[in-house]
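There are 2 protein chains.
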Amino acid sequence: MTDYKQMWTDLGLNLETHDALLSVLGDVYQRTFMAQKDRPEGMGYFDFVMSEVHGLRVKELQDARAAGRKVIGTFCVFVPEELILAADGVCVGLCAGAEFGFEQAEKLLPPNTCSLIKSFFGFKMSKVCPYLEASDMVVGETTCDGKKKAYEIFRELQPNLYVMEVPQMKNPQDRELLKSEYWRFKGELEKLTGVTIDAQRLKKGIDLVNSKRQALHRLAALRAADPAPISGLDALLINQVAFYDDPVRFTASVNKVCDELEARIKSGKGVTVKGTPRILISGCPMAVPNWKLPGIIETSGGVVVGEESCVGERGSRNLVSQSGKTLDVLMDAVVDRYFKIDCAIFTPNRERLEHIESMARDYKADGVIHYALQFCSPYMIESHTVENSLRKKGIPGIRIETDYSQGDTGQLKTRIEAFLEMIR
Amino acid sequence: MTDYKQMWTDLGLNLETHDALLSVLGDVYQRTFMAQKDRPEGMGYFDFVMSEVHGLRVKELQDARAAGRKVIGTFCVFVPEELILAADGVCVGLCAGAEFGFEQAEKLLPPNTCSLIKSFFGFKMSKVCPYLEASDMVVGETTCDGKKKAYEIFRELQPNLYVMEVPQMKNPQDRELLKSEYWRFKGELEKLTGVTIDAQRLKKGIDLVNSKRQALHRLAALRAADPAPISGLDALLINQVAFYDDPVRFTASVNKVCDELEARIKSGKGVTVKGTPRILISGCPMAVPNWKLPGIIETSGGVVVGEESCVGERGSRNLVSQSGKTLDVLMDAVVDRYFKIDCAIFTPNRERLEHIESMARDYKADGVIHYALQFCSPYMIESHTVENSLRKKGIPGIRIETDYSQGDTGQLKTRIEAFLEMIR
Numbered sequence: 297m298t299d300y301k302q303m304w305t306d307l308g309l310n311l312e313t314h315d316a317l318l319s320v321l322g323d324v325y326q327r328t329f330m331a332q333k334d335r336p337e338g339m340g341y342f343d344f345v346m347s348e349v350h351g352l353r354v355k356e357l358q359d360a361r362a363a364g365r366k367v368i369g370t371f372c373v374f375v376p377e378e379l380i381l382a383a384d385g386v387c388v389g390l391c392a393g394a395e396f397g398f399e400q401a402e403k404l405l406p407p408n409t410c411s412l413i414k415s416f417f418g419f420k421m422s423k424v425c426p427y428l429e430a431s432d433m434v435v436g437e438t439t440c441d442g443k444k445k446a447y448e449i450f451r452e453l454q455p456n457l458y459v460m461e462v463p464q465m466k467n468p469q470d471r472e473l474l475k476s477e478y479w480r481f482k483g484e485l486e487k488l489t490g491v492t493i494d495a496q497r498l499k500k501g502i503d504l505v506n507s508k509r510q511a512l513h514r515l516a517a518l519r520a521a522d523p524a525p526i527s528g529l530d531a532l533l534i535n536q537v538a539f540y541d542d543p544v545r546f547t548a549s550v551n552k553v554c555d556e557l558e559a560r561i562k563s564g565k566g567v568t569v570k571g572t573p574r575i576l577i578s579g580c581p582m583a584v585p586n587w588k589l590p591g592i593i594e595t596s597g598g599v600v601v602g603e604e605s606c607v608g609e610r611g612s613r614n615l616v617s618q619s620g621k622t623l624d625v626l627m628d629a630v631v632d633r634y635f636k637i638d639c640a641i642f643t644p645n646r647e648r649l650e651h652i653e654s655m656a657r658d659y660k661a662d663g664v665i666h667y668a669l670q671f672c673s674p675y676m677i678e679s680h681t682v683e684n685s686l687r688k689k690g691i692p693g694i695r696i697e698t699d700y701s702q703g704d705t706g707q708l709k710t711r712i713e714a715f716l717e718m719i720r
Numbered sequence: 297m298t299d300y301k302q303m304w305t306d307l308g309l310n311l312e313t314h315d316a317l318l319s320v321l322g323d324v325y326q327r328t329f330m331a332q333k334d335r336p337e338g339m340g341y342f343d344f345v346m347s348e349v350h351g352l353r354v355k356e357l358q359d360a361r362a363a364g365r366k367v368i369g370t371f372c373v374f375v376p377e378e379l380i381l382a383a384d385g386v387c388v389g390l391c392a393g394a395e396f397g398f399e400q401a402e403k404l405l406p407p408n409t410c411s412l413i414k415s416f417f418g419f420k421m422s423k424v425c426p427y428l429e430a431s432d433m434v435v436g437e438t439t440c441d442g443k444k445k446a447y448e449i450f451r452e453l454q455p456n457l458y459v460m461e462v463p464q465m466k467n468p469q470d471r472e473l474l475k476s477e478y479w480r481f482k483g484e485l486e487k488l489t490g491v492t493i494d495a496q497r498l499k500k501g502i503d504l505v506n507s508k509r510q511a512l513h514r515l516a517a518l519r520a521a522d523p524a525p526i527s528g529l530d531a532l533l534i535n536q537v538a539f540y541d542d543p544v545r546f547t548a549s550v551n552k553v554c555d556e557l558e559a560r561i562k563s564g565k566g567v568t569v570k571g572t573p574r575i576l577i578s579g580c581p582m583a584v585p586n587w588k589l590p591g592i593i594e595t596s597g598g599v600v601v602g603e604e605s606c607v608g609e610r611g612s613r614n615l616v617s618q619s620g621k622t623l624d625v626l627m628d629a630v631v632d633r634y635f636k637i638d639c640a641i642f643t644p645n646r647e648r649l650e651h652i653e654s655m656a657r658d659y660k661a662d663g664v665i666h667y668a669l670q671f672c673s674p675y676m677i678e679s680h681t682v683e684n685s686l687r688k689k690g691i692p693g694i695r696i697e698t699d700y701s702q703g704d705t706g707q708l709k710t711r712i713e714a715f716l717e718m719i720r
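Keeping their order, the protein sequence lines are chains A and B. Heads up, the final residue of the first sequence is numbered 720 in the numbering used here, and it's a clean run with no missing numbers. Heads up, the final residue of the second sequence is numbered 720 in the numbering used here, and it's a clean run with no missing numbers.
In isolation and in its complexed conformation, chain A is listed as follows:
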């Protein structure tokens, strides 16, 4: 492994704390991923990416910056990567998946803040997130109360923070608001990068992101097979890596895994035996290294066949129409695609209920596990509506509310085992 100490020092990381983080991360990865049986060979690429998560990829970002490109860090699937690529920028999802630096975070935030928000504060305050430090612009958004208000405090730590407004309903004036915010973001990107986004550049950005999403859709569809050709953990990992890998290389690597899965399905092979209880996870996003829930499900005799999540199908479904010729039409197509996202921040949000049902049907799930982060009001409150809707359709479901700690692992395992037993 290359020595990245100088790069990390240059980025202002705390080397000692950062070493401790990487060591824990490596252990958890070994235990969670390498212990799995019958993994597709193509996962080797993703194992490599993870082993270099704070190394090679960060070096690539630094090289890109040295060559004049700008790195834009994001926390949410509402930030249109198409525009970032059109401005010759690099888009990376930021660290928010581990319980790290929470004590420091709680000096600035109420203890009853969700783990995801505490996590990005913790990473920043502990100086262990190279992506944050390598970002020329960090983009926040007004999705939930927690993030919206926390960004005001985060700005004191991260002065290059830019906050984008996301509407709360799906009426015509909400689409107008999102549209004006995307145009404002475009202007901000142009100012940062010195690149003027024209129709040709935007079309190229759309092509790149559509290809990435098509590969993820292909992967998702293959999981409908019984036995499942890939574990939920590996599929989640691919969805997580989608947020920070080079999009072209990533797309090729996902398609390579898909080729292999198609061959598996043809020969009736899978990662589990036919008849293994199939689970759809629905709810809050799971950022690296948040593998807790699928880890418990898949070591309890179930297999996860889909993620109704921003790190999953909610984030990757729907493509941007490429038929437009002018910048205006292409920008509208971008707005149309993102305006369909059925995040729980919207009211009402019936589309999400329909999507959960269609995913359960398409991926032949035997049950749905709703996953909400503690103190995430939008998903926690909506879980009541999801539960009612599943009950009406006769789909078994349970609601899990947890955080990033490991304290409740035993209790969750007991509940999940009972659920799997019930739906078997």
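A hint or two may mislead.
[Stated by the list, open to error] Take a look, some chain B residues computed to stay more than 12 Å from chain A by CB distance:
(1) Thr305
(2) Glu312
(3) Asp343
(4) Lys423
(5) Gln454
(6) Asn614
(7) Arg646
(8) Glu653
[What the hints assert, rightly or not] Cut-off 35 Å, straight-line C-alpha distance, at most; resulting in silico cross-link-like pairs (DSBU-like, lysine-lysine):
(9) B/Lys660 with B/Lys570
(10) B/Lys689 with A/Lys423
(11) A/Lys500 with B/Lys466
(12) A/Lys487 with B/Lys660
(13) B/Lys423 with A/Lys466
(14) A/Lys475 with B/Lys688
(15) A/Lys403 with B/Lys688
(16) A/Lys689 with B/Lys423
(17) A/Lys466 with B/Lys636
(18) B/Lys366 with B/Lys500
(19) B/Lys709 with A/Lys689
(20) B/Lys709 with A/Lys403
(21) A/Lys709 with B/Lys403
(22) A/Lys466 with B/Lys689
(23) A/Lys333 with A/Lys565
(24) B/Lys403 with A/Lys660
(25) B/Lys466 with B/Lys636
(26) B/Lys423 with A/Lys403
(27) A/Lys475 with B/Lys423
(28) A/Lys621 with A/Lys636
(29) A/Lys487 with B/Lys487
(30) B/Lys466 with A/Lys466
(31) A/Lys366 with B/Lys466
(32) B/Lys366 with A/Lys423
(33) A/Lys565 with A/Lys689
(34) A/Lys423 with B/Lys688
(35) A/Lys403 with B/Lys660
(36) B/Lys487 with A/Lys688
(37) B/Lys689 with A/Lys475
(38) B/Lys621 with A/Lys466
(39) A/Lys621 with B/Lys366
(40) A/Lys636 with A/Lys487
Just so you know, these hints were derived from the structure itself, not from any lab. Even for Gly, the Cβ is constructed at its ideal location relative to N, Cα and C.
Guided by the hints, dock chain B onto chain A, whose structure is given.
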């Protein structure tokens, strides 16, 4: 006291539970308000209003409905009363200030939901809120995540619920969003009432509400005197009654109290001795019968001289410009006035920090107590920013986080006594 049993039965209240509620409310009122010394005589009107809170005022609403008027129930100061009055409607704030029916509410909502939201669910599910039952339309809004998502569930209990979107930033497109929502609301009111809102009607609505707010401003300004001419509890009560009393009668009653306070100030008289520690309360709204915090402050040797709150100056400050002649111009004036509200749901929200400082200065407060309801993310997170801002200005401040229960009263009293001792 008149017998309202038939009216309450007709409204579908649970008489037994409702009797229990009124009995507790009466006891708390006696203990909290009637035990105070040197109250202005004009408070007699408000004592009477409170003694008839579920009686005479509800009968007035029912009489108005029988005469063809419509009652519109609201939960938030973003609902423009001017438009409701212009449509010949009656505007009432709804019950959300007591820990009542929480066990039932928690069947539909996560336990970590703020008391205000649990309270309106509890009142509905226990069938004890005559205002809710007498409302021809109930208006919710997308202010915070908790309310926004809870309304989706509340609609199942209250089918005549209408939800209004409130923006999250203060940019031109946000004003456009609010404007289009106010026009949508106008249309909805016209449909409900059969009244077409024209310039003349709207001007009359604006006049009525401006007069009410002017009376509240007059009251607020008089509290700058040392000794304070009225207790914080009584002033809060007036601000609470503002939400459901008849606006003309209410305005006259407030002005009567103000006449009396002016005479008191001239003769150097007050409800406390000169030099009593003067407190500004800043934060979440306090609906009837939420008198916990000012009650503790004023039985611990302090006096509350202002409320930076929706039930207080955040809700009542700023008038609507009456200079417009056309409906369009008057509607714009309404939008302009409400768009200035500096609720913590906005990001950034520097105006609120400036308002807290100016209130502390204008009302000669010795310290600020920031009041946040548990699980109210916007105010809880913003309290960090408020604390920093006060520290920079050298204004003493503490942060209180509590709910509607009485369990922490002793602990709060200890903290508040220590704070009063410090600033004395």
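Open item on the list: Which constraints among the numbered hints does this structure fail? Numbers only, ascending.
Closed with: As far as the earlier hints go, 7, 12, 14, 19, 22, 26, 27, 29, 32, 37 and 39 are violated by this structure, in ascending order.
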